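Now for the letters of each chain:
Number of protein chains: 2
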Amino acid sequence: MIAVILSGGAGTRLWPVSRELYPKPFMRLPDGQSLLQKALLRAVSLPGVSEVLTVTGQEHYYSTLNEYQALRVGDYPPLVFVIEPLRRNTAPAIALAALSVSERHGADETLLVLSADHLIEDPQAFAEAVERAKAAAQRGYLVTFGIQPNYPATGFGYLERGEPLAEGVYAVRRFVEKPDALRAQGYLEQGGFYWNAGIFCFQAGAYLEALQTHAPEVYRSVLRAWESSPRETPQYLDTQTFHAVPSISVDYAVMEKAERVAVVPSGFGWSDLGSWDAAALLVPADPEGNRVLGEAVLIDTHNTFVQTEGRLVAAIGVEDLVIVDTPDALLVTRKDKVQDVKKVVEQLQKLEHEAAREHRTVQRRWGSYTVLEEGPRFKIKRLVIRPGESLSYHLHHHRSEHWTVVSGTAQVLKEDQTHLLRTDESLSVLAGTPHRLANPGLIDLVIIEVQSGEYLGEDDLVRLEGAMAESALAGD
Amino acid sequence: MIAVILSGGAGTRLWPVSRELYPKPFMRLPDGQSLLQKALLRAVSLPGVSEVLTVTGQEHYYSTLNEYQALRVGDYPPLVFVIEPLRRNTAPAIALAALSVSERHGADETLLVLSADHLIEDPQAFAEAVERAKAAAQRGYLVTFGIQPNYPATGFGYLERGEPLAEGVYAVRRFVEKPDALRAQGYLEQGGFYWNAGIFCFQAGAYLEALQTHAPEVYRSVLRAWESSPRETPQYLDTQTFHAVPSISVDYAVMEKAERVAVVPSGFGWSDLGSWDAAALLVPADPEGNRVLGEAVLIDTHNTFVQTEGRLVAAIGVEDLVIVDTPDALLVTRKDKVQDVKKVVEQLQKLEHEAAREHRTVQRRWGSYTVLEEGPRFKIKRLVIRPGESLSYHLHHHRSEHWTVVSGTAQVLKEDQTHLLRTDESLSVLAGTPHRLANPGLIDLVIIEVQSGEYLGEDDLVRLEGAMAESALAGD
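In order, the protein sequences belong to chains E and G. Residues in the first sequence are numbered consecutively from 9, following our numbering. Residues in the second sequence are numbered consecutively from 9, following our numbering.
It is worth saying that the hints were derived from the structure and are not from the lab. Fair warning: there could be bad hints in the mix.
Heads up, the list lumps identical chains together, so a pair's fine if it works in one copy or across two of them.
Heads up, simulated SDA-like pairs for lysine to any residue below, C-alpha to C-alpha not over 25 angstroms straight-line [stated by the list, open to error]: (1) Lys46 - Arg95; (2) Lys265 - Gln220; (3) Lys358 - Gly302; (4) Lys343 - Asp328; (5) Lys387 - Glu433; (6) Lys422 - Glu433; (7) Lys351 - Glu303.
Since this is a predicted model, take the numbers as computed values, not measurements.
Model the full assembly from the supplied sequences, consistent with the hints where possible.
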């Protein structure tokens, strides 16, 4: 069985922690792991998983890689990546996974499709549900996982089970859109209705066949993009042909229309963390109903969620609030208005505000950088360069860079000379000087970079040809 | 006439903008000026002011000086400073001013005592009130300024006027404590009651005489501290004798007890900015009643005040809130609870939390520094060194310092060599190396300092004797 992880999303509902370049899978939970890391650990801990195939966007590829590598656990099954140039929702993403797996392992291979933006708290129950789903998938069913509702949610689609197909496996009678409160209450009381959790299990060939039948244009356009893309590792998709792929979810394109659709009802502690009121529940409440992650002083405050990184939050006389603080943006919202966070993001997108798109920390091929401070004529960054990685050979016309090694060892090629910088040592690279920075060591290299000059835009970077230029692909 | 400015305070009511080391006089208003700067400008623009004497605490002296110097206007009357080693409220501070003025100009000299923690919006009306007060002071009266109330405030003390003494000058019939709402309403309707604004005018000798009569212990202890302090510029007070001075306000010690007390009623647009709801009024409201200083996105939000420096604030579905953001601390409070900000500060003081005491920007004799970022093994500061100033000659045992000049020119003495660093140039000073940093230029020197090492506490600093050590007094 191949585990397929979909790593992406829009990054709106948990803003300011989630951003366009840092959507929900990258959100770190109170235990320090991201949802994406949890999805990978969930996948590799299932019995019989022979490969983990991750489908992600090119703007999320390095972030995804960095999350996986940060786990630093050995003995994984192979990790394979398919990289989409554009966001096209789940039906095309799963089709790419099915095509990749069919081509390499045959159309009979079973896929377990895991989304990376929800939480599963009972891995044992999940593994049991997967076993049942796998058996049904191997009989040709398209299997979805149904979550036993424990309250009349109006924010999820539901599905109704039909006749039993095997122990704990049912045919799906129908899918239903997000209901109003009254109908949701009815589903809960009647029984046999489940939340549609976005987890699927089917054979690669069965999915592609159903897609061809029920969404032939999606099938044809994805197949054409796949066939236009030269095989490489990781597998990038051809941008031009991928443009023609419609954006559509797997539910609309396939599951709601196909014939042999089954559901495995389960109760494995699923939570979609779809908004800040859901995310708040991960933090235990104090006797006043307050949930605090970070440093806070609360006076006469009730039922309030506070999440903060590094900054002290003081609240007085408030209740039912959500306060989420990040280095460059702060959210204060009433709990029953958390859905409107997307309106904030829409406004920011209209303004092309950076806080909609990225954090102060930006993931790169070689590691990451964080903008610590910007001001007139200067910008300060912390660079983290992974062992063995290096930035491209390049120069800047307008800025000088002054580096101090805070941890690890740096190798700097500057003009024709190589310098080795140890912890606490520093070096300046003046504007116009070709240079390359690498981490030859075995631990992360952490450097404080002070940029000075009249113009400090990221676009003042000229990559240079030559012996040192082989890494000039992307992302410095 | 000598203008006396009292520059100090506890820094609790406008936290997190005000701090123990950065009380209300240092608060910057939307126009960019601090209350202290406004007090100085108010003093020097009055006719007949021959000197401005500032009484301040030693922890506020350099901040006060920096505020005055930042105004960069010439042609001031002389600026004189008296520096208290401990906070003892207003009666002793004014006594020190009176002693200093008596000694240098004679006991008949008139003092106009201005507190630096309120706002006066009509300087013309203020100047007229001062003229009337001065005339009464010169007839031996202790004059206070009474603000015509425009609402039944319960947060101020009141005074009731008695018989007229001259045009616009009345005897004071009585002082009354902060009243309840009913009595405040009565005062407003009855008329002849004024808020006690904390602005005074009297002859130096008249004040000292009244203090000797009505608070002899305060008089004796202040006199003893004054006489125990060697004359110097600025005038520091002897710490040991000053310890014996009681902490008491001028109202309790003198004004409420003395006989020849007069009031000049006025309406010069006085505001005490005693809490965030008062400070919010300085920012115009939008049609939703929101007042915003800084960058904010407000959705379905009403009657809310947002003040932020550099960070984006998003608010959804809230009303009657105050949101004040600073680089290291955030306040979210209901408007009718702003008085409880002091409870937050009390909690922080109990925890010995830095956010009660200082900001990330710390004032020094030579300028200021701001901690931009701290992390394992590194700390980053921005230093601003005023023209002609220099830090002491010193070394650090545990940290190396790496400097990049962002603006201006630096002169660095390192071991026995002098280096001149221009904008965009950098230099490292390794742990154990004696060094001194100076600004030989005519504009502010701005340096980014990256500290690296195992221990980065401010106390790792050894001042060195010798030719270069003359500035080893204070504050590096």
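Going down the list of hints, with the structure as the test:
Taking identical chains as interchangeable, the C-alpha atoms of Lys46 and Arg95 lie at most 25 angstroms apart only when both belong to the same chain, with a minimum of 23 angstroms there against 56 angstroms between chains. With identical chains, the CA atoms of Lys265 and Gln220 are at most 25 angstroms apart within one copy only, with a shortest distance of 12 angstroms there and 96 angstroms across copies. When the C-alpha separation of Lys358 and Gly302 is checked against a cutoff of 25 angstroms, the pair qualifies only between copies, where the shortest distance is 19 angstroms, while the shortest distance within a copy is 31 angstroms. Taking identical chains as interchangeable, the C-alpha atoms of Lys343 and Asp328 lie at most 25 angstroms apart whether they share a chain (5 angstroms) or sit on different chains (16 angstroms).
In this assembly of identical chains, the alpha carbons of Lys387 and Glu433 lie at most 25 angstroms apart whether taken from the same copy (20 angstroms) or from different copies (14 angstroms). Taking CA atoms no more than 25 angstroms apart as the test, Lys422 paired with Glu433 passes in both settings, with 16 angstroms inside one copy and 17 angstroms between copies. In the homo-oligomer, the alpha carbons of Lys351 and Glu303 lie at most 25 angstroms apart only across protomers (16 angstroms), although the nearest pairing inside one protomer, at 28 angstroms, exceeds that limit.
In the structure shown, no violation is registered for any of the earlier numbered hints.
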